[in-house]
Amino acid sequence: MSHTAQHEENHGNGEVKKVTIILSVLTIVELILGFWMIGITSEALRLAIKGTIIILMMAKAFYIVAYFMHLKHELKNLIMTIVVPLGLFIWFIIAFLYDGNSFRNLRNTYDPYFKERSTIKVEKKAEGHGGGHEAGAAHAADTTAHAKDTVSVENKH
Amino acid sequence: MSNVTTASTKEAKWWNGGKSPFDVEYGKVMMWYFLMSDAFTFGAFLISYGTVRFSTNGWPDPNLVFKSFPFAPEGVNAPLVFVSIMTFILIVSSVTMVLAVHAGKMMDKKGVVRNMIWTIIGGIAFLSCQAWEWNHLHHEGAWWGRNPFINADGTASSTNFTNYFFTITGFHGFHVFSGVIINIIMLIMTLMDKFEQRGHYLMIEKAGLYWHFVDLVWVFVFTCFYLV
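Those protein sequence lines, which keep their order, are chains A and B. FYI, in numbering that gives the first Met the number 0 the residues of the first sequence are 0 to 156. FYI, in numbering that gives the first Met the number 0 the residues of the second sequence are 0 to 227.
No lab work stands behind these hints: they were computed from the structure. Honestly, I wouldn't trust all of these hints.
[Stated by the list, open to error] The calculated lysine-lysine pairs, modelled on DSS-like cross-linking and capped at a C-alpha distance of 25 angstroms, are: (1) A:Lys75 to B:Lys108; (2) B:Lys27 to B:Lys104; (3) B:Lys108 to B:Lys205; (4) A:Lys17 to A:Lys71; (5) A:Lys71 to B:Lys66; (6) B:Lys108 to B:Lys18; (7) B:Lys104 to A:Lys16; (8) B:Lys104 to B:Lys193; (9) B:Lys27 to B:Lys109; (10) B:Lys12 to A:Lys17; (11) B:Lys27 to A:Lys71; (12) B:Lys18 to A:Lys71; (13) A:Lys75 to B:Lys66; (14) B:Lys193 to A:Lys71; (15) A:Lys16 to B:Lys109; (16) B:Lys193 to A:Lys49; (17) A:Lys17 to B:Lys104; (18) B:Lys104 to A:Lys75; (19) B:Lys108 to A:Lys16; (20) A:Lys17 to A:Lys75; (21) B:Lys12 to B:Lys109; (22) B:Lys27 to A:Lys75; (23) B:Lys27 to B:Lys108; (24) B:Lys205 to A:Lys120; (25) A:Lys17 to B:Lys109; (26) A:Lys16 to B:Lys205; (27) B:Lys27 to B:Lys205; (28) A:Lys49 to B:Lys205; (29) A:Lys75 to B:Lys193.
Given the structure is predicted, the values throughout are model-derived calculations rather than measurements.
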């Protein structure tokens with residue numbers, strides 16, 4: 000009994016070490032990609048990096064659930080009753096993100112106010128300590144007034 | 000044909016009665032189902048965030064928002080540094096939790112106590128980091144309904160960014176907090192020899208499942224808010 004227990008512990012600790020290293024490496028790769036992305040302006044490349052980060056995220060999630068939460072070593076019956084319902088997420092994510100994207104396109108096409116507001120640049124505030132303490136409403140009103148000024152200047156066509 | 004018969008008998012044997020089809024304790028199955036429902040709650044939050052972000056033209060650049068560090072001079076530009084420390088704290092506390100569960104399987108009380116203490120310290124460290132970050136953002140003028148950060152393309156932003164950030168990291172932080180409380184209770188029960196008397200440390204395994212789930216959610220929150 001103690002022999003099998005000992006064996007299981009050795010096996011388990013090796014697995015824990017392996018998974019810890021995998022998770023750390025995946026996180027470091029994610030961070031490297033994140034830092035790399037700061038200087039990149041190409042929208043296509045940014046999208047590709049974001050996609051890679053999300054794939055790495057899914058890999059991390061798999062290792063945590065499969066090994067730390069021990070799901071991989073459970074019976075198939077239990078695995079299926081947990082994983083199959085979560086498969087709904089595939090549909091959720093595709094449907095809702097598609098819907099959000101479609102809503103943006105519709106508004107950009109049919110809502111000129113929405114479109115115009117998202118093209119007006121706000122003047123970057125000087126970095127001042129405690130500058131954010133002013134009331135949010137007053138700040139918002141100020142921003143809108145300022146934005147209107149900019150519009151009258153820029154809106155020539 | 001014979002293959003099919005063998006397969007079907009093999010398949011059916013778990014459900015013919017007299018056997019536990021999942022072969023785990025009741026409480027653990029229920030913990031899994033609770034975590035599944037919690038996953039749907041977090042998933043709903045994050046998908047809602049994604050939908051709103053997809054339906055908006057501009058969004059603040061996380062590297063300009065989350066760039067500070069405790070004890071660093073004002074105006075320091077260190078994007079991703081602080082949050083990566085938070086991420087590693089949570090990963091390490093997850094590892095010590097696994098070690099506590101393993102020690103529990105070995106009926107090694109000392110190992111359980113040692114690793115539970117490390118896990119609790121990790122949880123408290125993570126919460127402290129989050130408290131500092133919230134406080135810092137609040138000082139910069141960010142809160143529910145207030146967003147001082149402009150979009151990455153220089154246009155005016157909405158409050159969606161701060162609303163989602165504080166709601167989702169707050170909900171996650173609350174999970175970490177309750178996880179720490181659960182772990183402290185488990186530590187006290189271990190010290191009182193409750194599990195030695197029961198003859199098993201299954202409660203540690205269930206608390207461990209919850210703690211790993213908290214780590215798992217952070218993987219998603221970290222990616223969605225700070226990286227992407």
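Hints versus structure:
1. A:Lys75 to B:Lys108: violated, 31 angstroms
2. B:Lys27 to B:Lys104: holds, 15 angstroms
3. B:Lys108 to B:Lys205: Roughly 17 angstroms separates the two Cα atoms, so the pair holds.
4. A:Lys17 to A:Lys71: holds, 15 angstroms
5. A:Lys71 to B:Lys66: Roughly 38 angstroms between the alpha carbons, so the hint for Lys71 of chain A and Lys66 of chain B is violated.
6. B:Lys108 to B:Lys18: violated, 31 angstroms
7. B:Lys104 to A:Lys16: Holds, because 18 angstroms separates the two Cα atoms, which is no more than 25 angstroms.
8. B:Lys104 to B:Lys193: holds, 15 angstroms
9. B:Lys27 to B:Lys109: holds, 24 angstroms
10. B:Lys12 to A:Lys17: violated, 35 angstroms
11. B:Lys27 to A:Lys71: holds, 15 angstroms
12. B:Lys18 to A:Lys71: Since the Cα atoms of Lys18 of chain B and Lys71 of chain A sit roughly 20 angstroms apart, the hinted pair holds (cutoff 25 angstroms).
13. A:Lys75 to B:Lys66: Distance of about 45 angstroms is beyond 25 angstroms: violated.
14. B:Lys193 to A:Lys71: Roughly 29 angstroms separates the two Cα atoms, so the pair is violated.
15. A:Lys16 to B:Lys109: holds, 20 angstroms
16. B:Lys193 to A:Lys49: violated, 48 angstroms
17. A:Lys17 to B:Lys104: holds, 20 angstroms
18. B:Lys104 to A:Lys75: Holds: Lys104 of chain B and Lys75 of chain A sit about 22 angstroms apart, inside 25 angstroms.
19. B:Lys108 to A:Lys16: Judged against 25 angstroms, a Cα distance of about 21 angstroms means the pair holds.
20. A:Lys17 to A:Lys75: holds, 23 angstroms
21. B:Lys12 to B:Lys109: With Cα atoms ~40 angstroms apart, Lys12 of chain B and Lys109 of chain B exceed 25 angstroms; violated.
22. B:Lys27 to A:Lys75: holds, 15 angstroms
23. B:Lys27 to B:Lys108: holds, 21 angstroms
24. B:Lys205 to A:Lys120: The hint is violated at about 52 angstroms.
25. A:Lys17 to B:Lys109: holds, 24 angstroms
26. A:Lys16 to B:Lys205: With a Cα-Cα distance of about 21 angstroms, the restraint between Lys16 of chain A and Lys205 of chain B holds, given a limit of 25 angstroms.
27. B:Lys27 to B:Lys205: Given that 25 angstroms is the threshold and the Cα spacing comes to 6 angstroms, the pair holds.
28. A:Lys49 to B:Lys205: Violated: Lys49 of chain A and Lys205 of chain B sit about 34 angstroms apart, past 25 angstroms.
29. A:Lys75 to B:Lys193: violated, 32 angstroms
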